[in-house]
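S.K.: Sequence:
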Amino acid sequence: MVIQNKGVKKMAIFGRTRRFFKRRESSKTAGAAIKEAKKAALNNDFKEASVKAYFALETIGDVFVDQIREEHETAREFGNKLVEIGPVTQEDIEPILLGFEIAKYSAMDVTAQGYATIENSIEDVLQIYRKGKKAGQKGSKGKKKSRKKPRKRGRTGASSGRKRAKK
Numbered sequence: 000m001v002i003q004n005k006g007v008k009k010m011a012i013f014g015r016t017r018r019f020f021k022r023r024e025s026s027k028t029a030g031a032a033i034k035e036a037k038k039a040a041l042n043n044d045f046k047e048a049s050v051k052a053y054f055a056l057e058t059i060g061d062v063f064v065d066q067i068r069e070e071h072e073t074a075r076e077f078g079n080k081l082v083e084i085g086p087v088t089q090e091d092i093e094p095i096l097l098g099f100e101i102a103k104y105s106a107m108d109v110t111a112q113g114y115a116t117i118e119n120s121i122e123d124v125l126q127i128y129r130k131g132k133k134a135g136q137k138g139s140k141g142k143k144k145s146r147k148k149p150r151k152r153g154r155t156g157a158s159s160g161r162k163r164a165k166k
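Quick note on numbering that gives the first Met the number 0: the sequence shown kicks off at 0 and runs consecutively.
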């Protein structure tokens, strides 16, 4: 009986570490998808970069919340599914969806400034899924940190003795 319990414990520990390994490996994949989008932007192909940024969003959804975009699902429906499930809001993913729709379905071009907002947005979404908050956000307390006042020190050294003597 004791041996079986040890076997179960080992299996549970293995399962736990396995899940940890899978998440770490997948988050690297999400980062790689974002790097591909940045590489396309460096070549001044902002349409392609916007599409790749959306694919990075799909990868993030698959990695962190196990949501895969179905074939019949539009980009907006997939975005709404992520908003319903996860900590991301519509404001977080809206620039990514808008950039994807412009690049894929519109005759307009994606500008460098438009892609910059998409890139910031995809990095914020990744940060939210990794750490639970945006990069610039503070914790949930919202309490202002007070500045520590310097402590007053007594006069020490040779000059302090002379000053006392003059008085």
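Do not take every clue at face value.
[To be verified] What follows is a list of derived Cβ distance ranges for each label pair:
#1 Lys-147 x Ser-105: 23 to 33 Å
#2 Glu-76 x Lys-148: 54 to 64 Å
#3 Lys-103 x Val-82: 45 to 55 Å
#4 Glu-90 x Lys-151: 46 to 56 Å
#5 Leu-41 x Arg-152: 21 to 31 Å
[To be verified] Restricting the straight-line Cα-Cα distance to at most 16 Å, the calculated cross-link-like pairs of lysine to aspartate or glutamate (EDC-like) are:
#6 Lys-34 x Asp-44
#7 Lys-103 x Asp-91
#8 Lys-103 x Glu-47
#9 Lys-34 x Glu-90
#10 Lys-103 x Asp-61
#11 Lys-80 x Asp-61
#12 Lys-46 x Asp-61
#13 Lys-80 x Asp-91
#14 Lys-37 x Glu-90
#15 Lys-34 x Glu-70
#16 Lys-46 x Glu-35
#17 Lys-103 x Glu-90
#18 Lys-46 x Asp-108
#19 Lys-130 x Asp-91
#20 Lys-80 x Glu-70
#21 Lys-38 x Asp-61
#22 Lys-38 x Asp-91
#23 Lys-46 x Asp-91
For the record, the hints were derived by calculation from the structure and aren't laboratory data.
All values derive from a computational prediction rather than experimental measurement.
Positions of the beta carbon are idealized from the N, C-alpha and C atoms, including for glycine.
S.K.: Does each hint fit the structure? Answer for all of them.
M.R.: Outcome of the hint check:
In this structure the hint that Lys-147 and Ser-105 lie 23 to 33 Å apart at CB is violated, the actual value being about 54 Å. In this structure the supplied range 54 to 64 Å holds for Glu-76 paired with Lys-148, their Cβ-Cβ distance being about 55 Å. Checked against the given bound of 45 to 55 Å, the beta carbons of Lys-103 and Val-82, roughly 20 Å apart, lie outside it. Distance hint check: the CB atoms of Glu-90 and Lys-151 are about 48 Å apart, consistent with the given range 46 to 56 Å.
Take Leu-41 and Arg-152: their Cβ atoms lie about 55 Å apart, and the range 21 to 31 Å is violated. The hinted pair formed by Lys-34 and Asp-44 meets the criterion: a straight-line CA distance of about 14 Å does not exceed 16 Å. Restraint check for Lys-103 and Asp-91: the C-alpha separation of about 20 Å exceeds 16 Å, so the hint is violated. Distance restraint check for Lys-103 and Glu-47: the Cα-Cα separation of roughly 9 Å lies within the 16 Å cut-off, and the hinted pair is therefore satisfied.
A hinted pair counts as satisfied when its Cα atoms are at most 16 Å apart, and Lys-34 with Glu-90 does not qualify at roughly 22 Å. Using a Cα cut-off of 16 Å, the hinted pair Lys-103 and Asp-61 is violated, with the two alpha carbons roughly 21 Å apart. Among the hinted pairs, Lys-80 with Asp-61 is consistent with the structure: their alpha-carbon atoms are about 12 Å apart, no more than 16 Å. Between Lys-46 and Asp-61 the alpha-carbon distance is near 23 Å, which puts this suggested pair outside the 16 Å criterion.
Distance check on the hinted pair: Lys-80 and Asp-91 sit about 13 Å apart at the alpha-carbon level, within 16 Å; holds. Using a Cα cut-off of 16 Å, the hinted pair Lys-37 and Glu-90 is violated, with the two alpha carbons roughly 21 Å apart. Proposed proximity of Lys-34 and Glu-70 is contradicted: the alpha carbons are some 25 Å apart, above 16 Å. The suggested pairing of Lys-46 with Glu-35 holds, with an alpha-carbon distance near 13 Å, which does not exceed 16 Å.
Simply put, Lys-103 and Glu-90 have alpha-carbon atoms about 21 Å apart, too far for the 16 Å limit, and the pair is violated. Of the supplied pair hints, the one linking Lys-46 and Asp-108 holds, its CA atoms being roughly 7 Å apart against a limit of 16 Å. Between Lys-130 and Asp-91 the alpha-carbon distance is near 15 Å, which keeps this suggested pair within the 16 Å criterion. Restraint check for Lys-80 and Glu-70: satisfied, since their Cα atoms lie roughly 14 Å apart, inside the 16 Å limit.
Straight-line distance between C-alpha atoms of Lys-38 and Asp-61 comes to about 22 Å, which puts the hinted pair past the 16 Å bound. Distance restraint check for Lys-38 and Asp-91: the Cα-Cα separation of roughly 22 Å exceeds the 16 Å cut-off, and the hinted pair is therefore not satisfied. Distance check on the hinted pair: Lys-46 and Asp-91 sit about 20 Å apart at the alpha-carbon level, beyond 16 Å; violated.
Checked against the numbered hints above, the structure violates hints 1, 3, 5, 7, 9, 10, 12, 14, 15, 17, 21, 22, 23; every other hint is satisfied.
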